[in-house]
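Chemist: These are the residues of each chain, in order.
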Amino acid sequence: MASDLIYLDYAATTPLHPDVAECMRQVQSEAYFNPASNHTAGRLSLAIVNNAAAELAKLLNVSLTTLLWTSGATESNNMAILGAAKQREHRGKHLITMRTEHKAVVDVFRFLEKQGFEVTWLTPDSDGQLSSDRLEAALRDDTQLVSIMHINNEIGTVQDVAGIGSVCRKHDVTFHVDGAQAAGKIAVDLATLPVDLYSLTAHKFYGPKGVGSLYIADGISIEPLMFGGSQQRRMRPGTLAVDLIAGLGEAASVARRTMADDLSHLSALKQQLTRGLQDIDGLYINGPSEGGYPGILNVGVKDVEGESLLHALEPLCVATGSACNSQSLEPSYVLRAIGRSDLEAQSAIRFSLGRLTTPDDIETAISLYCQAVRKLRSMTPGAAL
Amino acid sequence: MASDLIYLDYAATTPLHPDVAECMRQVQSEAYFNPASNHTAGRLSLAIVNNAAAELAKLLNVSLTTLLWTSGATESNNMAILGAAKQREHRGKHLITMRTEHKAVVDVFRFLEKQGFEVTWLTPDSDGQLSSDRLEAALRDDTQLVSIMHINNEIGTVQDVAGIGSVCRKHDVTFHVDGAQAAGKIAVDLATLPVDLYSLTAHKFYGPKGVGSLYIADGISIEPLMFGGSQQRRMRPGTLAVDLIAGLGEAASVARRTMADDLSHLSALKQQLTRGLQDIDGLYINGPSEGGYPGILNVGVKDVEGESLLHALEPLCVATGSACNSQSLEPSYVLRAIGRSDLEAQSAIRFSLGRLTTPDDIETAISLYCQAVRKLRSMTPGAAL
Amino acid sequence: MTESPYNLAVRDCFANPLHVGDVVGGVTAYFDDQGMRIRISAGIVDRLMAELRFRAWGCPHVIAAAELFCRQFEGRDAQDLEQFAVGSIMHDLAVPTEKTGRILVLEDTVRSLRVAINDRLIIKQD
Amino acid sequence: MTESPYNLAVRDCFANPLHVGDVVGGVTAYFDDQGMRIRISAGIVDRLMAELRFRAWGCPHVIAAAELFCRQFEGRDAQDLEQFAVGSIMHDLAVPTEKTGRILVLEDTVRSLRVAINDRLIIKQD
Ligand SMILES: Cc1ncc(COP(=O)(O)O)c(C=O)c1O
Ligand SMILES: Cc1ncc(COP(=O)(O)O)c(C=O)c1O
Numbered sequence: 001m002a003s004d005l006i007y008l009d010y011a012a013t014t015p016l017h018p019d020v021a022e023c024m025r026q027v028q029s030e031a032y033f034n035p036a037s038n039h040t041a042g043r044l045s046l047a048i049v050n051n052a053a054a055e056l057a058k059l060l061n062v063s064l065t066t067l068l069w070t071s072g073a074t075e076s077n078n079m080a081i082l083g084a085a086k087q088r089e090h091r092g093k094h095l096i097t098m099r100t101e102h103k104a105v106v107d108v109f110r111f112l113e114k115q116g117f118e119v120t121w122l123t124p125d126s127d128g129q130l131s132s133d134r135l136e137a138a139l140r141d142d143t144q145l146v147s148i149m150h151i152n153n154e155i156g157t158v159q160d161v162a163g164i165g166s167v168c169r170k171h172d173v174t175f176h177v178d179g180a181q182a183a184g185k186i187a188v189d190l191a192t193l194p195v196d197l198y199s200l201t202a203h204k205f206y207g208p209k210g211v212g213s214l215y216i217a218d219g220i221s222i223e224p225l226m227f228g229g230s231q232q233r234r235m236r237p238g239t240l241a242v243d244l245i246a247g248l249g250e251a252a253s254v255a256r257r258t259m260a261d262d263l264s265h266l267s268a269l270k271q272q273l274t275r276g277l278q279d280i281d282g283l284y285i286n287g288p289s290e291g292g293y294p295g296i297l298n299v300g301v302k303d304v305e306g307e308s309l310l311h312a313l314e315p316l317c318v319a320t321g322s323a324c325n326s327q328s329l330e331p332s333y334v335l336r337a338i339g340r341s342d343l344e345a346q347s348a349i350r351f352s353l354g355r356l357t358t359p360d361d362i363e364t365a366i367s368l369y370c371q372a373v374r375k376l377r378s379m380t381p382g383a384a385l
Numbered sequence: 001m002a003s004d005l006i007y008l009d010y011a012a013t014t015p016l017h018p019d020v021a022e023c024m025r026q027v028q029s030e031a032y033f034n035p036a037s038n039h040t041a042g043r044l045s046l047a048i049v050n051n052a053a054a055e056l057a058k059l060l061n062v063s064l065t066t067l068l069w070t071s072g073a074t075e076s077n078n079m080a081i082l083g084a085a086k087q088r089e090h091r092g093k094h095l096i097t098m099r100t101e102h103k104a105v106v107d108v109f110r111f112l113e114k115q116g117f118e119v120t121w122l123t124p125d126s127d128g129q130l131s132s133d134r135l136e137a138a139l140r141d142d143t144q145l146v147s148i149m150h151i152n153n154e155i156g157t158v159q160d161v162a163g164i165g166s167v168c169r170k171h172d173v174t175f176h177v178d179g180a181q182a183a184g185k186i187a188v189d190l191a192t193l194p195v196d197l198y199s200l201t202a203h204k205f206y207g208p209k210g211v212g213s214l215y216i217a218d219g220i221s222i223e224p225l226m227f228g229g230s231q232q233r234r235m236r237p238g239t240l241a242v243d244l245i246a247g248l249g250e251a252a253s254v255a256r257r258t259m260a261d262d263l264s265h266l267s268a269l270k271q272q273l274t275r276g277l278q279d280i281d282g283l284y285i286n287g288p289s290e291g292g293y294p295g296i297l298n299v300g301v302k303d304v305e306g307e308s309l310l311h312a313l314e315p316l317c318v319a320t321g322s323a324c325n326s327q328s329l330e331p332s333y334v335l336r337a338i339g340r341s342d343l344e345a346q347s348a349i350r351f352s353l354g355r356l357t358t359p360d361d362i363e364t365a366i367s368l369y370c371q372a373v374r375k376l377r378s379m380t381p382g383a384a385l
Numbered sequence: 001m002t003e004s005p006y007n008l009a010v011r012d013c014f015a016n017p018l019h020v021g022d023v024v025g026g027v028t029a030y031f032d033d034q035g036m037r038i039r040i041s042a043g044i045v046d047r048l049m050a051e052l053r054f055r056a057w058g059c060p061h062v063i064a065a066a067e068l069f070c071r072q073f074e075g076r077d078a079q080d081l082e083q084f085a086v087g088s089i090m091h092d093l094a095v096p097t098e099k100t101g102r103i104l105v106l107e108d109t110v111r112s113l114r115v116a117i118n119d120r121l122i123i124k125q126d
Numbered sequence: 001m002t003e004s005p006y007n008l009a010v011r012d013c014f015a016n017p018l019h020v021g022d023v024v025g026g027v028t029a030y031f032d033d034q035g036m037r038i039r040i041s042a043g044i045v046d047r048l049m050a051e052l053r054f055r056a057w058g059c060p061h062v063i064a065a066a067e068l069f070c071r072q073f074e075g076r077d078a079q080d081l082e083q084f085a086v087g088s089i090m091h092d093l094a095v096p097t098e099k100t101g102r103i104l105v106l107e108d109t110v111r112s113l114r115v116a117i118n119d120r121l122i123i124k125q126d
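Chains as they are written, first to last, in our numbering: chain A, 1 to 385; chain B, 1 to 385; chain C, 1 to 126; chain D, 1 to 126.
Hints in this document: simulated from the structure, not taken from any laboratory.
All values derive from a computational prediction rather than experimental measurement.
Backbone N, C-alpha and C define an ideal beta-carbon position, used for all residues, glycine too.
Take the hints with a grain of salt, since some may be wrong.
List of simulated lysine-lysine pairs, DSS-like, C-alpha gap at most 25 Å [said to hold, decoys possible]:
| # | chain 1 | residue 1 | chain 2 | residue 2 |
| --- | --- | --- | --- | --- |
| 1 | B | K375 | B | K302 |
| 2 | B | K86 | A | K86 |
| 3 | C | K99 | A | K375 |
| 4 | A | K86 | B | K114 |
| 5 | C | K99 | A | K302 |
| 6 | A | K114 | B | K114 |
| 7 | A | K375 | A | K302 |
| 8 | B | K114 | B | K93 |
| 9 | B | K93 | B | K170 |
| 10 | B | K375 | D | K99 |
| 11 | A | K114 | B | K86 |
| 12 | A | K93 | B | K86 |
| 13 | A | K170 | A | K93 |
| 14 | B | K170 | B | K86 |
Partial pick of chain A residues on the chain C-facing surface, computed with a CB cut under 8 Å [what the hints assert, rightly or not]:
| # | residue |
| --- | --- |
| 15 | H311 |
| 16 | S378 |
| 17 | M379 |
Please put together the full structure from these sequences, using the hints given.
Modeler: Structural data, given as structure tokens:
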């Protein structure tokens, strides 16, 4: 990367942790075999896969056999939601999710709507939070699936997964959680959380891109998304990418070791950033002012156009709205759902911080942001003279 | 890998070409960004993705916009077959494939059968070959999709894709080709071949595992398999794994340079192997005795049990049947389809050769095979005395 | 390899706008559409637009377009505004076609500026 | 890390079978089931199975089981065959349960060997 760039887009993707990169290199050169192959080399790769599964199982506090390898959270979400909805279709065709979910959840439910399912789209409060009471009120006799994300990718809201899950258990409703922004970043103990399906992706926590996992609690069964071959108990066919899986396992292991330090590092940086920006006139925080995930700070500012702000911020690499839809200029639907106007949503900038972010990076970010706002405001016509 | 192992299972998976490994390392450390991110870093990754697409497009002689990134041929096959079948459901519910297809095709059609589609399962001749006449005879007014693989993964048969494709074009039937064993290994010119959908996977031609592609000819539209986000023209969502994609592009570029040499290298080795084994009593070749892909030789031998043969062959890493189902002991359905008995199919060994295979490896393979057969036969009871 | 969505001209006009401001006592035109807002003011000396200033609220293309307009027409005869063409600005700044509507806001502003200058000149001639 | 589907005992019995062959003139039992074939012959000296030999067609577990049987019972009293237990062979060779049927072919062979030896001994006693 051009050395003058400052990367504050860790929620979009992270670099490989050096141990992960090293682990993958080793597997690529010494154990690149097909874990399904019935020979010594294949078994070497299979052992590596099993070892990685054990690492991920430890991170989530689950048993090894509850985890499937996928190509990422998008696939995990599709598999979980489509698979559960179809499997329990007889139980009812009512599904519940939130308006602030990631597209990889929203668009799956939109598809199911076209297939004859009925979806209730809950709106969270202005912090992005959904109370379990709100959820309970939305449940019906024919509700069979609820999908609520763990950490919001745009504004950092951490949902009350335990509370929402309990409500689902009480009503015998399958509960899926999109944990793409949470796994490996905050403690996720699936032995105690009442969650049936949990999606994650390695590249959000310093693991490789192109690999993720879906946790399927014991006793839960879903229809597969793909067919072919007997890998992964026929639930997800395809040659296992042993190096990617090893990388995910290593990233899980690193995350377990460093999670506490990561969180305090991020909290300090977020505080520094929040303080540095707070004196800007017309600045507001999108999302929770307290209690949110410390790696994400989303701010908007009055009377500044979003695209120009983003351009003026270069060499800061930050996001407007979700990384996944930042190529389009539509105002973020997440910000709209928590009550922002189109205009407000347009000036939103998501700073997402990570392990390699330094206080110097934050200082630079603050001063670039202040400058950019000043400059753009100085250009703004008041009104017709 | 333990240095005494001899890897002759290139059809299961291949090691990374050094240029591919190097390219991926560079991308991982310098351009690990999300190509969908709207900032300088993201655009750097996007340029790398576009560059890789250009390389793959050159390999297949197609335009860039016809290619989608997937997680591998399994996903490409599922997407192509399910997506085409559903898209053209109004046109008819009759589908055609072959009994010798890979599980990642077979099981998709089995699923479609359960969904109310009717599938004709064609049996190839004893070489594994399907003539376009046989195909044409099977077509009906309500046939909407034909899926025939390019190179068979177990026995190396190369299908007459041009002939079969012409028949499909003539009858306005969508034609999908599973090219997992062909792309990057033999010339595949999709500008001239009458193919609508073509699946491939990088790890079969010295690229990374966990990434593949689906070619969708201009004018062909299919339903997506997954939903979420606007990546890849909404056809395949999920964060693009820029390093894997770069690796696939690099592997395509290497393949273009080395294909002719690869093929003559493999032909020489296959000849050496065939000659070395030909004197064994009761030995026969499964698949085409001539004209097959030179990287694959599948042989069976009378009066020898398969599992013991495989074990006696260690440290040779070879496959019995397809890599993907070699954990189970069922006789290969591919060999059954070309007319082998269960017993014959059980002793089948697939040698699959690759760029790094040496004449010495082949010599060792020959002598281990001869020894193993001798030993096991010496143990065989004639009959009740 | 790093392809910016803004060409060099946009980046220069955006980073170094030389014409931000207002000409006090000058002729002014303002337009507001599509969420974009542009104000241009001209200081007229003997039919010449001796000074051109702009303020704009919009994406980098809109800001750069306003700046480029000022760079191109400052010091020229007010008549020359007839020659102003959105097409050439779109081309110079490689504006993506989906943003055409935004650049038309500049066109509207320039047209209204021309009218206002003509009015002023007519008044003066009277 | 490389876990073989065969434990050390299987690998040893398979790689170094010491009892392949036939005892010419010995007592012989043959069984053929589940696609497995096992023949065992015993050279009897004073009720002792002085020599045990096998031939087998089957997977490595079956071959190893036959070899292990010979190793365990060679030199022992024919009566001891009563003690032969599939369970202990399955355990020693860590045979996966789905292969139980195959090992039962060995049991059948051993049972038939016992009967044949008894017959021979009775004949001799006569
Ligand atoms: C909340 C959330 N869910 C799902 C995804 C999709 O993950 P991936 O792109 O790895 O499939 C992302 C990231 O893009 C995310 O932030
Ligand atoms: C013919 C064929 N099709 C499809 C596949 C599936 O490829 P992948 O495992 O990379 O998804 C394979 C390899 O396993 C294959 O040989």
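Chemist: If a hint holds in the structure, say so; if it does not, say that too.
Modeler: Here is what the structure says about each hint:
1. B:K375 to B:K302: Distance ~13 Å between K375 (chain B) and K302 (chain B) Cα, so the pair holds.
2. B:K86 to A:K86: holds (16 Å)
3. C:K99 to A:K375: Holds, at roughly 23 Å.
4. A:K86 to B:K114: Status holds; Cα separation ~14 Å.
5. C:K99 to A:K302: Within the cut-off at roughly 23 Å; holds.
6. A:K114 to B:K114: holds (21 Å)
7. A:K375 to A:K302: Answer holds: K375 (chain A) to K302 (chain A) is near 13 Å, not above 25 Å.
8. B:K114 to B:K93: Between K114 (chain B) and K93 (chain B) the Cα gap is close to 12 Å, so the pair holds against 25 Å.
9. B:K93 to B:K170: holds (19 Å)
10. B:K375 to D:K99: holds (23 Å)
11. A:K114 to B:K86: holds (14 Å)
12. A:K93 to B:K86: With Cα atoms ~21 Å apart, K93 (chain A) and K86 (chain B) stay inside 25 Å; holds.
13. A:K170 to A:K93: Holds, at about 19 Å.
14. B:K170 to B:K86: With a Cα-Cα distance of about 21 Å, the restraint between K170 (chain B) and K86 (chain B) holds, given a limit of 25 Å.
15. H311: Hint on H311 (chain A): holds, closest Cβ of chain C at ~5 Å, below 8 Å.
16. S378: holds (7 Å)
17. M379: holds (5 Å)
In summary, the structure agrees with every hint in the numbered list given earlier.
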